[in-house]
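For reference, the chains in residue letters:
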Amino acid sequence: MDLNIIYEAVLSYNVDGVKEGVTQALNEGMAVDKILAEGLINAMDEVGKRFSTGEIFVPEMLMAAQVMKEGMELLKPLLASDASESKGTVVIGTVKGDLHDIGKNLVAMMLEGGGFNVIDLGVDVASDTFIDAVKENNAGVVALSALLTTTMTAMKETVEALASAGVKNTIVGGAPITEEFASDIGAAGYSKDAPGAVTLTRQLLQAA
Amino acid sequence: MNSKERVLTALNHEEPDRVPIDLGGWVTTISQVSYNKLLSHLGYQREREVFDWLRQNVAPEEDILQRLGVDTRYVHPGEPVGWKFEPEETKDGLWVNDEWGCGFLKPESSLYYNLMTSPLRDASIDDLDSYPWPDPKDPGYITGVKERAKQLAEDGEYAVIGNFAWETWFERAWKLRGIDKFYMDFVTNPDFINKLLDKTLSLHLEFLDHVLGVCGEYLDVVIQGGDLGSQQTTLMSPQHYREYIKPRQAQAVEKIRSLTGAKIFYHTCGAVSSLVPDFIEIGIDILNPVQVRANGMDAETLKKEFGGKIAFWGGIDSQQVLPRGTVNEVVDEVKHLINHMATGGGLVACAVHNIQADVPPENVLALFDSVRELGTYPISVIN
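Same order as they appear, the protein sequences are chains A and B.
The numbering used here puts the first residue of the first sequence at 1, with every later residue one more than the last.
The numbering used here puts the first residue of the second sequence at 1001, with every later residue one more than the last.
These aren't lab readings, by the way, just hints derived from the structure by calculation.
Do not rely on the hints blindly, as some may be mistaken.
Partial pick of chain B residues on the chain A-facing surface, computed with a CB cut under 7 angstroms [stated by the list, open to error]:
#1 1111
#2 1114
#3 1180
#4 1184
#5 1187
#6 1231
#7 1233
#8 1235
#9 1236
#10 1237
#11 1323
#12 1356
#13 1357
#14 1358
Virtual Cβ for every residue (Gly too), placed ideally from N, Cα, C.
So that you can see chain A by itself, here it is in the shape it has in the complex (with noise of 0.2 angstroms):
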């Protein structure tokens, strides 16, 4: 069967197409891994790069993870229930007095979709949450986000406070933050949209 049937599924909002798609690719004997790879992942590549060339937008984008996250379910109980057989697993949330998340759901969405485990730890969420999160879950990266310039402080303290408890791979987002800010409170990288995130936590997690 060809996986690319899955990847167009995907690509075009089909979740009964994906859905189908997967359930085939697995009667057929194919790895679950090469299912995941080549049918999911590398679609929400192309949804990623089609974001950020402007193509598509936030429905499409929803839209897409949404049909992408039902495939999952389909392998989810199939992968290894080891953690460090998925390809690592993130730690994400709004930082303290921020309780904007459509944002940080994107960057989530987009890292499943890329075949990171997810913790999410939703909005207004405190520094030491943050890090037994981390500790709790063997996380490899940290992603936080700010909508608002007032909880740019609280962005900066928790960088701070993870990179006193030995976490050192602390990416941010959000509308109010650039490249200079990032750098000033020490952030191990900065991305500008979600697509983004997925690129800098592969290239975090592969240098681990």
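On the provided structure of chain A, position chain B as indicated by the hints.
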């Protein structure tokens, strides 16, 4: 030239005596935290209560507006009779259900009330008929409105701005549905979206009938809005915008034109330069807040492409300069805006969006004072 003439001349794409300046509107005012610091800095022994509960902003007082040289004065709707702002204390913070049934929470850690529950998240298209919609003709909305607008118009000193976005028919819709569900509906459930937006728009048009019916003749500008952009680009494709939003924006413009000769101000955050030709086409007169750090929204590019066709209201960066810049950097930011946008009129200067809690009083003063000092026409490039 007085303030009113200054603003109207600029909005007519002619050069007034100097660049007009705004403070005090729905999206051009100042947070309570920042305002009270400003009061203290200026030596006042008083504090100001919150006027906009959602954003925790104030309506600045007359003496401060005078001190800052503000050219606009606002007419706000009255408080509705059918709903009261009565926050409830919960373990997570202060909770409020707004007039539309959306739930908002203000935890200790947050400066604002935040949307938490969207009552139409799981609704079917038929549920829209039986939903308890608020009353756009609530008599409270027009309490004092005619008197205030008439007084301002008869005094003739300041541009009279009608603050009548009513949180926008577009944003009401996604707050009710949940923003993620709403945007996915664009792709999978167009019938639902069309019915929901028709409903929120029709309520908005009735609201406009109600408020502009009593004060339209006195107004110079009417505030409208609905966010269409993110930092990088539009939130939806231009095709979706033209399918779902543009025709409805046009209906709102038509309604306003039938009720007042005032200029139409449209607020949208984000990188929306690709939509500006559409705004111009349907008759929007003013673009706000001109989020200059968003992609493609720098002053120079916007003026080159759209100068003379739409007026710009905003432009002083609040993502980096106002909160974290020095006074000199604020002054430089003002110079940049004036140098690139003021020639030929068409500019009303103010902060990009409301002045936030992290903007120090020195920067607030630098913003207003430098626009007044540096914005004299004819503009010659200032270094």
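Verification of the supplied hints:
Given hint, residue 1111 of chain B at the interface with chain A, holds; its Cβ is 6 angstroms from that chain's nearest Cβ, closer than 7 angstroms. For the restraint placing residue 1114 of chain B at the interface with chain A, the shortest Cβ-Cβ distance is roughly 4 angstroms, inside the 7 angstroms limit, so the hint holds. The beta carbon of residue 1180 of chain B is positioned within 7 angstroms of a beta carbon in chain A (closest approach about 6 angstroms), and the interface hint is therefore held. Given hint, residue 1184 of chain B at the interface with chain A, holds; its Cβ is 5 angstroms from that chain's nearest Cβ, closer than 7 angstroms.
Checking residue 1187 of chain B against chain A: minimum C-beta separation of about 5 angstroms stays under 7 angstroms; hint holds. Because the beta carbon of residue 1231 of chain B sits about 4 angstroms from the nearest beta carbon in chain A, less than 7 angstroms, this interface hint is met. For residue 1233 of chain B, the shortest C-beta to C-beta distance to chain A is roughly 5 angstroms, which falls under 7 angstroms, so the interface hint holds. Given hint, residue 1235 of chain B at the interface with chain A, holds; its Cβ is 5 angstroms from that chain's nearest Cβ, closer than 7 angstroms.
The interface hint given for residue 1236 of chain B is met, as the beta carbon of that residue sits about 5 angstroms from the closest beta carbon of chain A, less than 7 angstroms. Hint status for residue 1237 of chain B: holds, given a least beta-carbon distance of 5 angstroms to chain A, under 7 angstroms. Of the supplied interface hints, the one on residue 1323 of chain B holds, with its beta-carbon coming within about 5 angstroms of a beta-carbon of chain A, less than 7 angstroms. With a least beta-carbon distance of about 6 angstroms to chain A, the hint placing residue 1356 of chain B at the interface is held under the 7 angstroms criterion.
The beta carbon of residue 1357 of chain B is positioned within 7 angstroms of a beta carbon in chain A (closest approach about 5 angstroms), and the interface hint is therefore held. Against a cut-off of 7 angstroms between C-beta atoms, the interface hint on residue 1358 of chain B holds, since the closest Cβ of chain A lies about 5 angstroms away.
In this structure, every one of the numbered hints holds.
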